[in-house]
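Novice: This is what each chain is made of:
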Amino acid sequence: MFEIATFAVLSALALAVYRALSGPTVFDRVLAANFIGTGAILLLALVGFITGRPEFLDIGILYALLNVIGTLAVLKFWRYGDLSHSGEEEG
Amino acid sequence: MMDTVLMLASGALLIVGAFFYLTGAIGLVRMPDVFTRMQASGISDTVGVGFLMAGMIVAAGPTLIAAKLAIILAVVVFISPVATHALAQAAMHAGIEPVLASRRVLGLGAGLKPLETKPANAPADQGAKKRKARKAAARPVKRASKAKAKTRAVTKGKSS
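From first to last, the protein sequence lines are chains Z and C. Under our numbering, residues 157 to 247 are what the first sequence spells out, in order. Under our numbering, residues 27 to 186 are what the second sequence spells out, in order.
Source of the hints: derived by calculation from the structure; they are not laboratory data. It should be emphasised that the depicted structure is a prediction, and the values quoted were computed from it without experimental measurement. Where is the CB? At the ideal position from N, CA and C, for every residue including glycine. Be careful, since some hints might not be right.
[Unchecked claim] Residues of chain C clear of chain Z, computed beta-carbon distances all greater than 12 Å:
hint	residue
1	M28
2	D29
3	V31
[To be verified] Example chain C residues on the side facing chain Z (calculated, C-beta under 8 Å, incomplete):
hint	residue
4	L32
5	I52
6	L54
7	T62
8	R63
9	Q65
10	D71
11	V73
12	G76
13	I97
14	I98
15	V101
16	V108
17	A112
18	I122
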């Protein structure tokens, strides 16, 4: 069962990589990157179960926290062109 | 006996989760514009991740591993809508118009209001162009095109 789920997640990641490479706008790429981040967390957990090494879950938690910060940072940079922008002038 | 039941339940949850996860990924590739793709990836981020994590929690039993899996599930479930919301806001801010099947637009404060009726696959979208031009006139800085935003980003990066 874990192998089947791993295969499904890997296939989903391949599709997301296609979308990230061919996305017409930058937002498609950001969305695909977000998707790939979530898929990496799932893959870490599943591979941890298959190989019997649950330490991978800690790395998964780290990835989950990094994923959202990366997404928000890219979006903010794209919107304001500057990560230190307060974001309040334009609302 | 109990072990077999738990393994079967975990396997079923994993299969269902894998199915939904793959469904969302296929939607990510096949949907027509960025907003519908967000909706498709929402399937994966809620139902897919939820079922997969539930399957792994059942397989792990009441251990620390299950607690860590629950933490990951909570983080993903709380943070994925935030990221999607920010992404949709940024896309709208950048001037990307959603692809609409009928000629309806979200009026400000007026809810859904029907526009003039046209065939769904009309070649030139005059209404959207007019709306864009009006918005550009109202907010010239914010409605900068993508190329302009790029140059703005570059110049800002240089000046700071």
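Novice: Each of the hints needs a verdict: does it hold here or not?
Specialist: Hints, one by one, checked against the model:
no.: 1; hint: M28; result: 17 Å, holds
no.: 2; hint: D29; result: 14 Å, holds
no.: 3; hint: V31; result: 14 Å, holds
no.: 4; hint: L32; result: 12 Å, violated
no.: 5; hint: I52; result: 6 Å, holds
no.: 6; hint: L54; result: 5 Å, holds
no.: 7; hint: T62; result: 11 Å, violated
no.: 8; hint: R63; result: 6 Å, holds
no.: 9; hint: Q65; result: 11 Å, violated
no.: 10; hint: D71; result: 6 Å, holds
no.: 11; hint: V73; result: 12 Å, violated
no.: 12; hint: G76; result: 11 Å, violated
no.: 13; hint: I97; result: 6 Å, holds
no.: 14; hint: I98; result: 5 Å, holds
no.: 15; hint: V101; result: 4 Å, holds
no.: 16; hint: V108; result: 7 Å, holds
no.: 17; hint: A112; result: 5 Å, holds
no.: 18; hint: I122; result: 6 Å, holds
Violated hints for the displayed structure, listed by number in ascending order: 4, 7, 9, 11 and 12.
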